[in-house]
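Residue numbers (the UniProt record's numbering), protein chains in the order written: chain A, 1 to 271; chain B, 1 to 271.
By construction, these hints were calculated from the structure, which means they are not laboratory data. These numbers were taken from a predicted model, which means no experiment stands behind them. Do not rely on the hints blindly, as some may be mistaken.
The list treats identical chains as one, so a pair stands whether inside a single copy or across any two.
The calculated EDC-like cross-link candidates involving lysine to aspartate or glutamate, where the alpha carbons are at most 16 Å apart (straight line), are [to be verified]: (1) K108 - E220; (2) K48 - E70; (3) K108 - E40; (4) K12 - D256; (5) K263 - E230; (6) K48 - D21; (7) K108 - D147; (8) K108 - E268.
Residues per chain are reported as follows:
2 protein chains.
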Amino acid sequence: MERLSLNQMTTKHWSLAEAVDGCVRAGLGSIGLWREPVAETGLAAAAKLVADAGLRVSSLCRGGFLTAEEPGARAEALADNRRAIDEAAALGAPCLVMVVGGLPAGSKDLPGARARVLDALGELAPYAGERGVRLALEPLHPMYCADRAVLSTLRQALDWAERFPAGQVGVVVDTFHLWWDPEAIGQIARAGDRIASYQVCDFLTPLPADVLLGRGMMGEGHVDFRPFTEAVLAAGYTGDIEVELFNAEVWATPGDEVLATMKQRYLELVV
Amino acid sequence: MERLSLNQMTTKHWSLAEAVDGCVRAGLGSIGLWREPVAETGLAAAAKLVADAGLRVSSLCRGGFLTAEEPGARAEALADNRRAIDEAAALGAPCLVMVVGGLPAGSKDLPGARARVLDALGELAPYAGERGVRLALEPLHPMYCADRAVLSTLRQALDWAERFPAGQVGVVVDTFHLWWDPEAIGQIARAGDRIASYQVCDFLTPLPADVLLGRGMMGEGHVDFRPFTEAVLAAGYTGDIEVELFNAEVWATPGDEVLATMKQRYLELVV
């Protein structure tokens with residue numbers, strides 16, 4: 001239970017202070033933060049809140065969106081990512097989760113978009129490394145390739161990460177995004193110490209009308225979690241195990257209930 | 001234009017006879033058939049209709065659904081696939097498109113489901129080969145892994161197909177399912193004469209509430225078709241190029257209009 005982390009998006013209706021209190025009440029060791037609620041609280045106040053509660057920060061969501069072609073938009077994206085890295089450092093987050101971005105509006109040039117992400121990582125990786133923050137490349141489910149992330153598989157994420165020192169660029173293993181991939185388990189073994197974050201979440205069918213909200217509580221969908229956990233641990237991962245759901249029904253449930261279910265399912269299905 | 005084929009699902013509102021007439025009016029050389037409308041017309045009558053019109057049959061949809069665990073359900077699936085192979089042979093279809101099936105209800109054993117598909121292919125492949133029909137394994141977009149097909153990438157399809165003689169088992173290259181895959185173009189080169197069918201279709205966002213209906217007319221979505229066509233032709237594919245859309249708006253459009261748009265987009269974007 002000490003490694004279980006609440007990604008604060010799972011209890012979206014809670015403020016940061018409420019989420020921190022909820023984690024403490026539930027006996028969790030860690031919390032995954034998002035930039036927007038941290039900004040609402042104020043960066044220094046947020047860092048103090050979490051530290052005073054004795055919680056670790058498992059990750060900060062999110063940087064990325066690095067596919068813009070237009071020089072001004074690209075410069076703004078790089079500047080925003082540097083700010084996100086600074087925030088991760090101030091919060092003591094070991095990694096910044098990177099959702100790399102989809103195709104620019106109207107573009108069909110997928111290889112071009114991918115090349116621009118790699119190019120931007122070349123600028124951001126040393127900046128992150130110098131501040132003790134790892135960029136955690138998150139392969140997203142292929143259904144988000146057009147509008148969210150042109151990075152879709154763990155193999156592809158590792159091909160990119162391995163161009164940089166392991167201390168600068170790692171990967172996220174998220175069961176929702178990877179569960180279908182026949183290569184996932186093998187690529188987790190390849191990843192070794194590149195695994196910067198392990199996130200658990202179930203894949204629901206039918207997908208809801210907003211496909212971003214198909215991220216369900218463990219046990220509600222199709223994912224067999226234990227092979228993923230075993231592979232991640234066998235690869236040497238010693239970090240936290242984060243539960244990140246985007247789910248209208250979960251968001252309508254009182255936070256303490258969500259955490260109680262999450263703990264139960266974690267013990268039953270994940271570890 | 002001689003290689004352009006109408007998959008009859010694109011004009012779902014047309015009967016088989018209407019679709020055949022529409023193809024002839026539009027100057028197409030080929031049609032892709034589905035079992036249900038063929039059965040409505042009668043197998044022999046359908047074969048005669050198409051042959052009398054001077055059209056080739058580019059493919060028959062579909063066999064598959066081979067993941068059942070229960071022996072009775074499994075035997076029925078095998079028997080149904082043998083009937084589908086017989087139908088493809090009677091229609092002169094060079095291949096039977098195989099949608100392999102998703103997880104059985106309540107099961108989370110993805111490796112088990114995949115193993116059962118492979119096992120079933122071992123029974124069906126020689127039967128198909130003896131009748132001059134190729135089983136065309138179709139990797140489906142990963143968003144359908146749970147409920148439609150535990151076969152998700154071209155690499156995985158080729159890993160399976162290569163266990164059998166090339167005359168017995170090939171693969172389908174469908175741009176809707178594969179466009180996101182950073183390995184797709186490379187795997188098409190690997191596929192060579194394993195390519196049994198090439199289907200073009202665009203990927204729309206936002207996905208409609210029924211994600212099966214996100215298959216759009218070329219030019220309406222995110223797919224860059226030419227690199228796929230070039231790779232398929234460079235791999236040595238000499239068969240037809242089939243347009244298969246599942247799309248409520250297209251289905252509400254008069255068939256002759258759909259074919260006119262399809263021809264125009266084919267010339268502008270595909271070849």
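For this structure, which hints from the list above don't hold up?
2, 3 and 5
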